[in-house]
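Student: Take a look at the letters that make up each chain.
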Amino acid sequence: MQLRETPSSRSPLPGLPAAASLKPSIADSQPTQRLASVAPSQPLAVKDTLQKTEGHKIPTWVKTVGALVGAGAVGVGVTLGLGAISSTLSPMIVSGVTALAGAGAFFGIQKLWQDKGPQAPVTDQEAYDKAQGAKNTRAWWKSGALCLGALLATGALGVGVDFGLKALPFSASLQSSIQTAISPALWGFTNAIAGAVTFLFIQKVTEPVGAWISRFSAKGSPIQANYSPEIVKSFIDINEGANAVNSLALSGAISVNSMKNQLQDTIRDACNLVDAAEGASAADAAAKIKQAGAMLGRTLTFTEIVNFSVTPDFPGVLKLLHLALGAYFENMPEATRNEIIASAIEAVKAHRPKPTDPRVPTTEAAIQGYFLPMLEGIINGKLPVAKDAN
Amino acid sequence: MRTDFINSQGLPSLEGMRPGPLPEVPPAQQGNGKVPVADVSARSKSRWISAGLYVAGGVVGGLARLGVRQWLPNYSSAAGPLINIGTQIAMSPGQQALQLITTPLSVWGYNWVYGGQETGEPKQSRVIDPQWQGDLMRVYVKRSQLDSWVSGPLSDFGTYVQVTKNSCQAVAKRIRANDIDGAARLLGAALFYDRQLWAQHDPEGAHAYELMFIDLHPYFEGMSEAAIADLKKATLAEAQRLDGGKDKGLDKYIDAMVSGLTTDAPPKSLQNPWGGELAAQAISNHAGKDANVWAKELIDEALDKHLRGKGWQEQMQIKKSFNKAMKTVVKDLQELESKTGRVATSDELWRLMQSAISKDAGKSLEMKAALISVGMFVLLAGGATFGYAKALPLVPGWSAAGFGQIVPTVISYLTITARFGLEKFIAFGRALGWAGTARATLGKTLDRDFRNMRVRTAMVDRRATSWLSLFSNFVGGVQKYVIDASAMVKKGKIDQAAGLLAGMQKMAHQSFFYFWPFTKLMHRVFERCGPNFDGITQAQRDELAAKVLERLAKAGEDQETLATYHKPFIDGMLTRNVKLAA
Chain D
1 MQLRETPSSR SPLPGLPAAA SLKPSIADSQ PTQRLASVAP SQPLAVKDTL
51 QKTEGHKIPT WVKTVGALVG AGAVGVGVTL GLGAISSTLS PMIVSGVTAL
101 AGAGAFFGIQ KLWQDKGPQA PVTDQEAYDK AQGAKNTRAW WKSGALCLGA
151 LLATGALGVG VDFGLKALPF SASLQSSIQT AISPALWGFT NAIAGAVTFL
201 FIQKVTEPVG AWISRFSAKG SPIQANYSPE IVKSFIDINE GANAVNSLAL
251 SGAISVNSMK NQLQDTIRDA CNLVDAAEGA SAADAAAKIK QAGAMLGRTL
301 TFTEIVNFSV TPDFPGVLKL LHLALGAYFE NMPEATRNEI IASAIEAVKA
351 HRPKPTDPRV PTTEAAIQGY FLPMLEGIIN GKLPVAKDAN
Chain S
391 MRTDFINSQG LPSLEGMRPG PLPEVPPAQQ GNGKVPVADV SARSKSRWIS
441 AGLYVAGGVV GGLARLGVRQ WLPNYSSAAG PLINIGTQIA MSPGQQALQL
491 ITTPLSVWGY NWVYGGQETG EPKQSRVIDP QWQGDLMRVY VKRSQLDSWV
541 SGPLSDFGTY VQVTKNSCQA VAKRIRANDI DGAARLLGAA LFYDRQLWAQ
591 HDPEGAHAYE LMFIDLHPYF EGMSEAAIAD LKKATLAEAQ RLDGGKDKGL
641 DKYIDAMVSG LTTDAPPKSL QNPWGGELAA QAISNHAGKD ANVWAKELID
691 EALDKHLRGK GWQEQMQIKK SFNKAMKTVV KDLQELESKT GRVATSDELW
741 RLMQSAISKD AGKSLEMKAA LISVGMFVLL AGGATFGYAK ALPLVPGWSA
791 AGFGQIVPTV ISYLTITARF GLEKFIAFGR ALGWAGTARA TLGKTLDRDF
841 RNMRVRTAMV DRRATSWLSL FSNFVGGVQK YVIDASAMVK KGKIDQAAGL
891 LAGMQKMAHQ SFFYFWPFTK LMHRVFERCG PNFDGITQAQ RDELAAKVLE
941 RLAKAGEDQE TLATYHKPFI DGMLTRNVKL AA
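Top line first, the protein sequences correspond to chains D and S.
Sequential numbering of the first sequence, starting at 1, is according to this note's numbering.
Sequential numbering of the second sequence, starting at 391, is according to this note's numbering.
You may find that some hints are simply not true.
Straight line, CA to CA, 27 Å or less: simulated BS3-like cross-link-like pairs of lysine-lysine [what the hints assert, rightly or not]: (1) D:130 with S:910; (2) S:642 with D:219; (3) S:636 with D:130; (4) S:883 with D:290; (5) D:135 with S:910; (6) D:219 with S:638; (7) D:219 with S:758; (8) S:883 with D:319; (9) D:290 with S:870.
Keep in mind the hints are simulated off the structure, nothing from the lab.
Chain D on its own, in the form it takes in the complex (with noise of 0.2 Å):
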């Protein structure tokens, strides 16, 4: 029985209910760029792709010299306007103008100084260890000059709430309360926008001292760890990259490779007994098909729960667990893919436990809603239909 054949003899997916409601497959919805000059012993020509295009942006330093003279007029302004009454509110006045100026200096200076990285795309070692270093230093400044501005500016922030407080017609008992009561949200709050900027700083610096306190501590032990430098600078240079996203999608990045770890090795499994079936007799071949389809079908019962926060909703998601996993079932007949889908289904509907809370999905919905798409998805690359807004 022969299993594997070219992708162009490939037949119509039969029998599947939400067949009709998958879209084509990625790799045919995907851009067809060719990368006509790529060989392993030649670098390639990708200069034209770094010529970002600027237009007609106000330039950084503009913007923040503007932001600045902009408060200092606000602040003339306000207080040629309310004539008498802006010495009593001078406090407020200062505060604001101080904000306001703070925040347009400290956004510019922020901008201007944000890493733009290499100019040039770094293909070989030797430009990546330059522009490392390079980093590594601009890091050091600019992240020493983030975390005083933003322990400043956390202190202005409360003398401003202070002054701010002073200026309404309060009592002084009335406006101490206040202030009490107010300080532990303001401590949180400066404290999260004054953590989340100086967090750089305070790891390249905390960290070393806190290993060589350790070291100190335990200095003449056998116990010693033998990392050779180079491979500490390494993992360094890799927490500075990724503390350059987002922590949220981090998160999510490391979800998402968790539901690949737990696929890729029941794909492995069944693939391998799909290649067994190759040459088998019909029935036994089918029998290891079946087997095949039961494992998908139970780890995903197993996902449904363990990773459930990885679930075909997220088109990119499904894209990129298609990217990874789908590679696995190529060259598969269709019509052994659809067997795959179908047992798998039926492992699902055997063995997925029946729900005990009204919320969770019955068998049938989450096969429409999870098992289906999963699967069509990460072997055949469809992703499901977008559901209408309306």
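Given chain D, work out where chain S should sit, using these hints.
Tutor: Relative to chain D, chain S alone:
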């Protein structure tokens, strides 16, 4: 009744069993949001203990504030930040109580903010059935019962073993094909990599390593002594070639690892950093004598030989450790003899000795590290407070509500460096908080091993060690792809192999882009995976690389990413440590 699943001891045998439906869970034991009465009671107890610890921490902080106000009025204002931080730390052991309240709240907040599961809006995480949710929470609770100083390294060790297992699977295939040199290339690269990355395991993780050998030995079972010797020699040569002669302890490490994997024996050279071979020799020389006398003579002999040529400080240190450990050995021997009613065998004595030395060294190390760390914390925080108190009168308005917040932030930053010892205090509280439920049964020796790993890990910049486990996880995935792709290439399925590698690289770039192919770390990964491609031709390699890049381009990857990430990645993978066919 079928009896073919029952073995001679009357226990169910796994042989002959086929996967089938699980037995029905009686309705009374099913979730429905409810957990068994014993668990409810234990969890409730845990909450009360945690809450008690939390409140007690707060009270301690409050008393400290009162005490300072009463007896050190001049420092009352300046000590405020320090007391705040101290109070936070004091309350930390009981923070689980707070967590039990805040976690459901934050889940509710997420649901509300992002559109609810209740309203059935699309693109939401699915509701986990209470029958699973209850169990998953209990898994968390059970994990929390273990001191975090142990559970962290334990989890990392599990990842490390898993990755090594991937390598052993590929090695075993070559051994079965009588390709010892090929097996040694894979194993040498893998062990060299492990030695570099999991440096906190060596050499004290002996007992944990035994667990690993129990798990992995079956891949090497049935090898002849001659084959083992050949494998050991070739593996060492391979690892030394990759290392370039920098690592002086590599030979001992490789010897112990290959011995452990192939013979299922504990790695002797790993077990005793103070001359295990000498001790083993001494034990066998004294066979037949009274066990307690052996221990005394053994230590004298081992010490005499081992201390020659060492500096006096080191001699003192080693002697102290030995003496301490031997007290435990003698005590354990007596206990063993009274239990068994016979003189201990040399093997038993050997095991007790290793355990005692490791335990003792670890214990004193941990205490020392914790105490010094707490000392540093007090010093730093005290210094900052003192400095602040002195600076207060110098700067008018310094203590204004706003700028007053800067100081605790600075103090907090300063003290982060010395919180290692305080973590132990927090871990103790956490374990105590969950003491009501069943405790994990790791055993004292393994517990000690993993604690030592924790201390060792703390000696390295945390920016490096915090990525170890994730990196290993990533390498595990890469290895699987490489093993499958190389097999496909050898079967002539280059296109499909390219599909796998392209998928792997795309996944790596999306999920782990920060493991950049130019880092030294990734070089180690390429070197580890390279031998899987041994035997492919230059033409196959070029074709494979070109197809991988072509597929990635087709999948929408831009030219810059191809040039700066994917090309160096696939080039490294197919060139580093790959032996091409002639």
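Student: Taking 27 Å as the top limit, are the C-alpha atoms of residue 130 of chain D and residue 910 of chain S close enough?
Tutor: holds (14 Å)
Student: So if I understand the rule, the pair passes when the alpha-carbon distance is 27 Å or less; does residue 883 of chain S with residue 319 of chain D pass?
Tutor: Roughly 23 Å separates the two Cα atoms, so the pair holds.
Student: Does the alpha-carbon distance linking residue 219 of chain D and residue 758 of chain S stay inside the 27 Å limit?
Tutor: Holds. Residue 219 of chain D to residue 758 of chain S sits at ~10 Å (cutoff 27 Å).
Student: For the pair we were handed, residue 636 of chain S and residue 130 of chain D, check the Cα-Cα distance against 27 Å.
Tutor: holds (25 Å)
Student: If you draw a straight line from the CA of residue 883 of chain S to the CA of residue 290 of chain D, is it 27 Å or shorter?
Tutor: holds (25 Å)
Student: So if I understand the rule, the pair passes when the alpha-carbon distance is 27 Å or less; does residue 219 of chain D with residue 638 of chain S pass?
Tutor: Within the cut-off at roughly 20 Å; holds.
Student: Residue 135 of chain D and residue 910 of chain S: Cα distance at most 27 Å?
Tutor: Holds, at about 17 Å.
Student: Does the structure keep residue 642 of chain S and residue 219 of chain D at a Cα separation of 27 Å or less?
Tutor: holds (23 Å)
Student: Taken at face value, is the distance from the CA of residue 870 of chain S to the CA of residue 290 of chain D at most 27 Å?
Tutor: holds (24 Å)
Checked against the numbered hints given earlier, the structure satisfies every one of them.
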